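Residue numbers (the working numbering), protein chains in the order written: chain A, 1 to 308; chain B, 1 to 308; chain C, 1 to 308; chain D, 1 to 308; chain E, 1 to 308.
Note that these hints are calculated values from the structure, not bench results.
Bear in mind that the values here come from a model prediction, so they are computed numbers and not experimental data.
A hint or two may mislead.
Below are the DSSO-like pairs computed for lysine-lysine, each with C-alpha atoms no more than 30 Å apart in a straight line [as the list claims (entries may be wrong)]: (1) E:K222 / D:K221; (2) A:K183 / E:K222; (3) D:K209 / C:K221.
Non-contacting residues of chain D with respect to chain E, defined by C-beta distances greater than 12 Å in every case (computed) [stated by the list, open to error]: (4) M151; (5) A195; (6) A263.
Computed spacing ranges between beta-carbons, pair by pair [stated by the list, open to error]: (7) A:H227 / B:G166: 51 to 61 Å; (8) C:K182 / B:A94: 54 to 64 Å; (9) A:G115 / C:A219: 58 to 68 Å; (10) E:E225 / B:A94: 53 to 63 Å; (11) E:V308 / D:K221: 36 to 46 Å; (12) A:R99 / E:E95: 45 to 55 Å; (13) C:S178 / B:A94: 53 to 63 Å.
Beta carbons: idealized from backbone N, C-alpha and C, even for Gly.
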Amino acid sequence: MATNGKRVREILSWYSSDNPGTLNNLARLLNHGRLGGTGKLVILPVDQGFEHGPARSFAPNPAGYDPRYHFELAIDAGCNAYAAPLGFLEAGAAEFAGRIPTILKLNNSDSLYGGDDPCPAVTGSVGDALRLGCAAIGFTIYPASGMRNEMYEQIRELAEEAKAVGLAVVVWSYPRGSGVSKKGETAVDIVAYAAQIAAQLGAHLIKVKPPTEHIELEAAKKVYEKHQIPVGTLAERVRHVVQSAFNGRRIVIFSGGEAKDKAGVLNEIRGIAEGGGFGSIIGRNSFQRPKGEAIELLHEVMDVYANV
Amino acid sequence: MATNGKRVREILSWYSSDNPGTLNNLARLLNHGRLGGTGKLVILPVDQGFEHGPARSFAPNPAGYDPRYHFELAIDAGCNAYAAPLGFLEAGAAEFAGRIPTILKLNNSDSLYGGDDPCPAVTGSVGDALRLGCAAIGFTIYPASGMRNEMYEQIRELAEEAKAVGLAVVVWSYPRGSGVSKKGETAVDIVAYAAQIAAQLGAHLIKVKPPTEHIELEAAKKVYEKHQIPVGTLAERVRHVVQSAFNGRRIVIFSGGEAKDKAGVLNEIRGIAEGGGFGSIIGRNSFQRPKGEAIELLHEVMDVYANV
Amino acid sequence: MATNGKRVREILSWYSSDNPGTLNNLARLLNHGRLGGTGKLVILPVDQGFEHGPARSFAPNPAGYDPRYHFELAIDAGCNAYAAPLGFLEAGAAEFAGRIPTILKLNNSDSLYGGDDPCPAVTGSVGDALRLGCAAIGFTIYPASGMRNEMYEQIRELAEEAKAVGLAVVVWSYPRGSGVSKKGETAVDIVAYAAQIAAQLGAHLIKVKPPTEHIELEAAKKVYEKHQIPVGTLAERVRHVVQSAFNGRRIVIFSGGEAKDKAGVLNEIRGIAEGGGFGSIIGRNSFQRPKGEAIELLHEVMDVYANV
Amino acid sequence: MATNGKRVREILSWYSSDNPGTLNNLARLLNHGRLGGTGKLVILPVDQGFEHGPARSFAPNPAGYDPRYHFELAIDAGCNAYAAPLGFLEAGAAEFAGRIPTILKLNNSDSLYGGDDPCPAVTGSVGDALRLGCAAIGFTIYPASGMRNEMYEQIRELAEEAKAVGLAVVVWSYPRGSGVSKKGETAVDIVAYAAQIAAQLGAHLIKVKPPTEHIELEAAKKVYEKHQIPVGTLAERVRHVVQSAFNGRRIVIFSGGEAKDKAGVLNEIRGIAEGGGFGSIIGRNSFQRPKGEAIELLHEVMDVYANV
Amino acid sequence: MATNGKRVREILSWYSSDNPGTLNNLARLLNHGRLGGTGKLVILPVDQGFEHGPARSFAPNPAGYDPRYHFELAIDAGCNAYAAPLGFLEAGAAEFAGRIPTILKLNNSDSLYGGDDPCPAVTGSVGDALRLGCAAIGFTIYPASGMRNEMYEQIRELAEEAKAVGLAVVVWSYPRGSGVSKKGETAVDIVAYAAQIAAQLGAHLIKVKPPTEHIELEAAKKVYEKHQIPVGTLAERVRHVVQSAFNGRRIVIFSGGEAKDKAGVLNEIRGIAEGGGFGSIIGRNSFQRPKGEAIELLHEVMDVYANV
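Excised from the complex, chain A in its bound form (with noise of 0.2 Å):
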């Protein structure tokens, strides 16, 4: 795979609209760590001490408490970057300055709380992403729930500012809520539909879920079989949600999901890589493991991706 920058200058190219320091935060998350220049990217996110609570993400590995320890191990393992909320970030952005790009996650769901039609809160700020150093902000939007126009005003006013001042704009699209089934979230046509979303609301880099083979909406099903899209391996469904991410013409990487032994992990990369995924966003798998092992399956992870 060529790593002389022309994929990444492509890559650029696809976002012809946005201005040169935003163009410059997108070179740098790609460009930086093992798959600097490959056009791929695997990203460190932590923010499951806030969405699961400190015990569940952190006693697997208690170094993990410490929010240095995963700036270290993002550093380590050469992902492209780290994704965190403020106090997180705050907790080590002065330290570790100019050793790996981070991403802001602006806002944040806890576990104290349940609900039909989720909604995180905003927790943080554009202004808190550039004082922290960042080169992008994160932010979660809930396709189908009742509260997804609240997250969509949110995101667009963000991303607006964000651009304006030369970040890059990251958003995770997870569709979650009284619109659809539990079964639906990770279904084929919505992990398509969300990616979409993501796209026509101006994100440059989109995080989805590894799609199943389920197709949930009635309207979609017909469309499937009708014109025999394939859906039938994770490759194919990820051709097919990085196609309807304006025909492959944005970034979307895939989350880890649940930990999970390495074989499972490495089996799911390798789907998703064949698919034409521009990869992994791993936080579970990677710092719920001791450190040296967490290093090695990064590596992995990457080799799957250097390699396609």
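The hints should help you fit chains B, C, D and E onto chain A, whose structure is shown.
Okay, now just chains B, C, D and E, sitting in the frame of chain A:
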């Protein structure tokens, strides 16, 4: 039909309260493409990726997954303008700069969550429209929704802002929600009312659906009968709708509706043209066809308008 | 009746807290038209296209579909002012600039959605009123609606803004909603209360409906009986309403209500005039008649006021 | 009682965090009228036209329909200040400029709509208070309403703004709503709590209702019994309420309540004065009497306070 | 324990993303009083007048009705800081300027209205904190309330503003509301989660309740058992909570809870100190005792922390 600019000057004279910047952008819309200078318009809108999902929108003609395709289609077919949400415009605005007037759709709905009283999310801004070089903003209102006031107040604010910076304002006025029956959404009294509301809200260009013969409101029915307003043919109904938009002193265009065969499309267009409609906005019926066929169809549509 | 400006100066003296810009615009309203200088006003309001729909409003006299018609009617009939929503004013403000004072109605309701506690949408701004050369803003409140506070707070803010830039403030005060019965909407105690609320909110000019003999509130009934407030004739009730607006130190005018025959209209006007009402705001009863008849009627109405 | 300014200086010393502008306006309130310099205040409030309607408020003494009447009454009776909503102040502020300190009531309720959790509408601004030459803003909170937070947050913002421009802040603290029984609204524990809340919100001057012997809250009752807080007489209860407002270091005045006979009024005042209350705010009991009687009553009330 | 400033410098090093103004204010808190320089803190908070009412708060020691009393108590006892709502701070900030760091509590609840999903009212601003010379803002969040997002978004905005002007941010993190059982409010998993949330929201100093052995969440229980996290003693639980706040790199202090006897207080303090807690915030257990006793108790508490 005169194309020496007289008709365009006449139309612009209806907007005498607007500043020269807005008049200039209205003129850009009216003077571009195969219908340029005739006072008629055919616009390509592509927001279905957001509204219906990617596969339902683009699988029939997969070239449409690529945002550049729609710019090209609109340019090659000689449309007056191309309208789309933020993401689609960002993905081509620089590459196709100066080649076709664009309209940034500032609000959008997806199909992943229902509800009796729908309200699109605001997904773009006047600032976005300016930085992307657009000629106009587009905005959808749903009269008859319990959320109508939110939409009216959003467009009020956006329209004031747009007019101050010299943009034109296009309003999609689609009655929908718990105040109207499904059948009533296209009833002639409702469509006429929808056109009036958009006009009173200050729209320069109004998009409604082709009206049916049905009359929804009891209070209206008495008036239609008493004054024997002719609504038997599509042309008559269109004439009434155009009259309802300030006696024809606001540009009213009609949506193409669901995908259908060519004869069906052209038949409807003839009715609209005969009734004094200012043109059509044709999405699925164009971009879901192979490009050649789509251009052919759009040309035939334009010919109908050109030959009124 | 003196028209040497003395009465106008007297009326202006009631508004001594206002800046010269606002006093100037109040004077414009009071000095224009056939009743100019008398301290009485007849205003043409045309918001029915928005409120009731185009056919119900304009089919009886189709000339009214055209926004220019109403400017001309108001000018030709010698009205003091013409009041309308944004769209209608934009469609004529430049053409008829300087020929009649205009009032921009800043909020409007349509009939496509009901609900027990109505609230109009804000559809215009003070900035709009300025750029369109208006003399005043107009705003409707619905006391007795569960949404009344929203309206009071909107007009508070708009009125402060309007007064700061030298515009006058006209409030339509129409009790409506779950706090009042249908019959109570025009009860004399309710109409008097509505006038008081508008006055306390800082309105310069208050529009209410002609009050009926009915008394709605139990607590009020005791007071009316104990103090033997005369409410047997329309003139008595109007006198009470005018008294309720700061003892006659605020301009109170009365709506014409539903379309009715000429005798009916004039009879009502005589009662209003006799009771000390400052004038009328006559919509459907004027613009739904053929122009000649409408002007004749408006002149007769003006004559009643001129000859009090 | 000393009127050499010593008491006023002592009172001002409690507000040492305030800027000289605010201290100056507090001094204006304390130094004006027959009680000027005594540290006691009698204020005329006239918001009943808005709160109860015009006839219920002014029919007993029709002179009160005229906004000038209340300025004159407050001036002639030698009150410390006159408090009213926007409309009433605008109708006299210029004419009576410099003759009596005024307090602009920034929020108001009407009686046309009920509901278990009341919240007044904000009907004026700090800017209005400045342009009308007021010494203070007035604001009503309803602790125990489900809407209390809205009111607390409104007054927080308005008070910060008022203090920044040198105005004083008067808070009417009237527990009301679904969190308290009707009887509990004037319970001594509730009134004391209401005074504390207003003080903690930063009020300079607090208006509460005369407390009854009733104790509303179970948790409070235990404390009153255990510590044997004397609440048997009005004087004792007032003393407790004054203590509850920062141990007497905030000015607490008491409302006159419903209209009653002179003996009833004066009896209550004696209890308030004996208990260390700083004065009274007397509306209906003054302006609903003929002017001569009202002044006589107000003078007797002032004498009670002057002779403590 | 070293008081040569080394420990304070170490603690400040954890906040390396903050500006010198904020570091200076953190240092003020850490260097003031009898524990100054030890890295431990005892803070006097007095918001109970607002939260529980005046009599329940101050009747046990009536000196506390006077706002000056609490400044004096905090100063005389050698506390690190004094925290209170707007009113209490305004009533002493000038008089006691420069004698003790203060923390302005920016939100508060009263007990007059309940509800399953509580949310305090915002009752102060960063501007208030600045004009009153405070070292920090204080803010309460209720994770597990249906209103948690409102609170998270308020503190996000206030914290960003406070940090920009060099103030420190103290967060009271008290899970409460329909997402958690009464018993669960102090469960060790919930308290640890509360500390994590506050840290992720960007708090410099976190206040939680002493945790009990109870584990509330099923998903958490599995983790505590699997990884054998010791929670049998208070010291163990405190250690876990401190670890949950960025592995001890955020200052976590503990509330004193309900008034209890001295032995009970000191016993709890020993457990907190042994577990690595950074100190205590002791309200009712100090100000409800006679001043001499209170100071004695506070000194004994400080001694426990000083001798760890």
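These are the hints, each one checked on the structure:
1. At most 30 Å may separate the alpha-carbon atoms for a hinted pair to count; K222 of chain E and K221 of chain D exceed this at roughly 45 Å.
2. The straight-line distance between the Cα atoms of K183 of chain A and K222 of chain E is roughly 25 Å, inside the 30 Å bound, and the hint therefore holds.
3. Our distance criterion of 30 Å between C-alpha atoms is met by K209 of chain D and K221 of chain C, whose separation comes to about 27 Å.
4. Some Cβ of chain E comes within 12 Å of the Cβ of M151 of chain D; the nearest lies about 8 Å off, and the non-interface call is violated.
5. Separation of A195 of chain D from chain E is inadequate, the least Cβ-Cβ distance of about 8 Å not exceeding the 12 Å criterion.
6. With 12 Å as the threshold on Cβ separation, the claim that A263 of chain D sits away from chain E holds: the shortest Cβ distance comes to roughly 32 Å.
7. In this structure, H227 of chain A and G166 of chain B break the distance hint of 51 to 61 Å, their C-beta atoms being roughly 43 Å apart.
8. Look at K182 of chain C against A94 of chain B: about 59 Å separates their beta carbons, and that is inside 54 to 64 Å.
9. With their beta carbons about 43 Å apart, G115 of chain A and A219 of chain C fall outside the hinted range of 58 to 68 Å.
10. Evaluation of the 53 to 63 Å hint for E225 of chain E and A94 of chain B yields a pass: the beta carbon distance comes to about 57 Å.
11. Distance hint check for V308 of chain E and K221 of chain D: the Cβ-Cβ separation is about 42 Å, which falls inside the suggested range of 36 to 46 Å.
12. At about 50 Å, the beta-carbon gap between R99 of chain A and E95 of chain E stays in the expected band of 45 to 55 Å.
13. At roughly 54 Å, the beta carbons of S178 of chain C and A94 of chain B sit within the given window of 53 to 63 Å.
When the structure is compared with the earlier hints, violations turn up for hints 1, 4, 5, 7 and 9 and for no others.
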